[in-house]
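Enquirer: Now for the letters of each chain:
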Amino acid sequence: MFEAIAFYLFAFLTISMFYIAVTTSQALYALSALAAGMMFISAFFFILGADFLGAVQIIVYSGAVMALYAFGMMFFDTTREVKEKQSNKMIIVGLSLLSAFLVVVIFAAPLVSSNITALYPIVEGAGNTQEVGMVLFTKYLVPFEVAAIMLLVAMISGIVLAGKKMDLSLTLMSDAQVEEFRDEQNKKVLL
Amino acid sequence: MELYLYIALFAPLVSSLFAALFTATPKKMFTGVVASLLIISAFVSSTILLVHILTGGEIVHVELMTWMATGGLYIPFGFVVDQVSVTMMMVVTLVSSVVHVYSVGYMDHDKGFNRFFSYLSAFVFSMMVLVMSDNFAGLFIGWEGVGLCSWLLIGFWYHKESATWAANEAFIMNRIADLGMLIGLFLVYWNTGTLQYDEAFAAMPSLDTDILTWMGIFLFIGAMGKSAQFPLHTWLADAMEGPTPVSALIHAATMVTAGVYLVVRANPLFDLIPHVGLFIASLGAFVAMFAASMALVNRDMKRIIAYSTLSQLGYMFVAAGLGAYWIALFHLMAHAFFKALLFLGAGNVMHAMHDELDPFKMGGLKKPMKWTFIMMTLASVALAGIYPFAGFFSKDLILEVAFAQHHFILYAVLLFTAGLTAFYSFRLVALIFHGEERYKLFGIHPHEAYKFMLIGMSPLLILAIIAGSFKMTYFEMVTAVLPDTEYHIHSHLVFWIMTIGTQLFVGLSILYAYKKYANNKITVPDGTSKMENSFAYKMLFNQYYIPYIYEEYLVKPYRELSTVFWEQIDLKIVDASVDGIAGIVYGTGEKTRDMQSGNLSTMLKWMVAGTIGLLSLAVVFGLAARYSDEIKAILSGLGV
Amino acid sequence: MMEIGLNHYLALSAILFAIGLVGVMRRKNLLLLFLATEILLNSVNIAFAAISHYYGDLTGQMFAFFVIAIAASEVAVGLGLLIVWHKRHGNIDLDKMSTMKG
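Going line by line, the protein sequences match chains A, B and C. Counting from 40, one number per residue, gives the positions in the first sequence under the working numbering. Counting from 335, one number per residue, gives the positions in the second sequence under the working numbering. Counting from 43, one number per residue, gives the positions in the third sequence under the working numbering.
Don't read these hints as lab results, they were simulated from the structure. None of the values given here were measured: they were computed from a predicted structure. Please note that a few of the clues may not be correct.
Label-pair restraints from in silico Cβ distances [stated by the list, open to error]:
#1 133(C) / 110(A): 48 to 58 Å
#2 963(B) / 169(A): 46 to 56 Å
#3 190(A) / 133(C): 23 to 33 Å
#4 947(B) / 203(A): 39 to 49 Å
#5 911(B) / 140(A): 49 to 59 Å
#6 166(A) / 133(C): 14 to 24 Å
All C-beta atoms in this analysis are idealised placements derived from N, C-alpha and C, irrespective of residue type, glycine included.
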């Protein structure tokens, strides 16, 4: 019974949060609503017994990704209200309703499956984190490493794309050059 | 012998094509010379063929190639030279050669010299196809060809509004009649299964008289258009807008006689339906008198001669209608000679008088134009039917036929018309050549035509005089294919009274014409004299107001109707629907162009729409797979 | 209704996906568009986790894990690109970005 209450409560919260994120005209509200929605989704993960996933969801999504978006929002000065004109609202409403209906129909249809055997079955007794660790570092090792490299690449690309004066390196310059550099900067600031 | 047939048939075509090469260039003498030489070669071939047929040779029949062989219909390009066609060939090529030679001089100062010869030779070719063809379809090809060339030639000076109007009138009237002709052809094919002359005529006696009557009527309607019988006659007088050699060739000797040729050629058919023949004869007699009456008061030289042609065509139809086909053909031949001569002489007068057409403004021209005077007078004598000129033999024969078959009304009408004919012909001659020289009032200096033109006209003159002597030779030749009815008046006395009486009547008319018009008291009428304002004069002068009636009650309403059709139906319905289809295509393109606008938001929407489409397909197929048994049960219940 | 089954979670996931689609179609500001994309990814994660729970298979959770990793790197690169665009054009309005026209 508790499960049902929790499910419906968090479902209602998540849907309303995401709805706000999608429809509000103020960027700050959208960001906050999204962050809240992420947290409530991690609640779902905990209900489903995927502890590790829930924790990762909070740390990565609500922490890192939302921070990134917050920085981006500061950069673009989108605190002002965003004017959005839509040529035809009915198209959006119609399309979205249709898509929702279709996806629900597809997913909620009784799954006709008789012979589904678990590839990586849950071992009773061990906690979720240990199980995840066992599977992750044995069967999914290569995807894990590749994901790590991908994150590295993303990080470097982020630096390259957003950085300024990338050709100058403060650590490789001698002290005199650093002094020169500082003076120029001060002159620009003062002027 | 086939070689001569091909030469006679295709030399005019070669001449036309050769002259057509030069139509855009200024006048080149050699086009006229080459064209004339080619036509003369066709004439020589025709004469050789004539001699061949006369001396008992067999009929020359060639089939060039098959035109149509579809289902039960077989139409070849076939040509036959038998007695009837060789007569026509000879007439056509002779008059054409003379006219070609004459035109070299007449069209001397015309810019369209080369074009004229191209059209003229094309006409000769079409006429040869018409008379030499051995089936109705080839006849029809030639029929249409001469109609086309007539249009080209009447409207030769196309910058003149009146000329183009007259050309259109001629062509359209011919076309209306051609509808009747086509219906006749369809009836012939439908009932006899073939369009070849010999086979069709062999099959006709076994047909129902009603069908034959309709066939004859429709074919005659076609002849009516071509030979300008009432009510399709107005185009012939207006066709005088064309150059005079055109009038001489087409509207005297050849094209207008195509109708007579058709009736003569179809004589087996018309023999079976004598009531239609009587109608033809009556109409012919009516036209003869009708046209002669209009020529009495006309003041346009060429129009008088045109009405004279119309009148003589009426005579020919009387003969053909009464079953005397060989007489009709004989009159056709003789008439071609002296009428062409008359026209060519009139052409000389026109040139001399700087295109003046009113004979009242001429007069006393016999001194400067001696030879033309002699030729026109002799031609008029032949036309009037005085012994021993050609006209006597043919016209008197027609009168005898009418009398011998006890159609006395026809006889009286024809006799009266003969008198009228003599009167107006000599009225014209007297006004032009005799009396005081009225042209001096208008400052014109006439001179005779070129010598070679006169020499070219001379064969016609000779033939107009002596053609009567060919009657017996001709009779023996042509009755191999035509019914050889000889018409005997029962009593010798009646015959001589008739003949002498006719000659006296005609002679008196001539003398009266001379008395009235060949004196020095003639002045140019200016619309004030009592005679000009009388009712009879006005009726005759305005051609019984028939052109006016046609214009008011046929042409104008039809033009209104056409305008309605154009504006309401064509523009609003047909054009609108075509434009509408184009508009739909264009609009669809405009709408789908938004797909490529480069706007990410739009593209995302399209993506979602596509996904929904695919998902719904998946749902439909899934449901169909899941419930396939139930669906099959429902469909079989519906009976699919 | 009391017994929460797989279908409930799948229906929830579908609804969240639809909301994400609405956001994607509707937003003209690119930054907010990315936010809507995050919603899409999260809804899919719920579905994976639910299936994994109800079939007793860890594959679903693994997949959700990798989806999170990918989403993070995507955000990083996407924001970097967005910064470059903003430096060049001064705004990030979707209607003004139509260089791919035609």
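Enquirer: Broken hints, numbered, in rising order?
Expert: 1, 5 and 6
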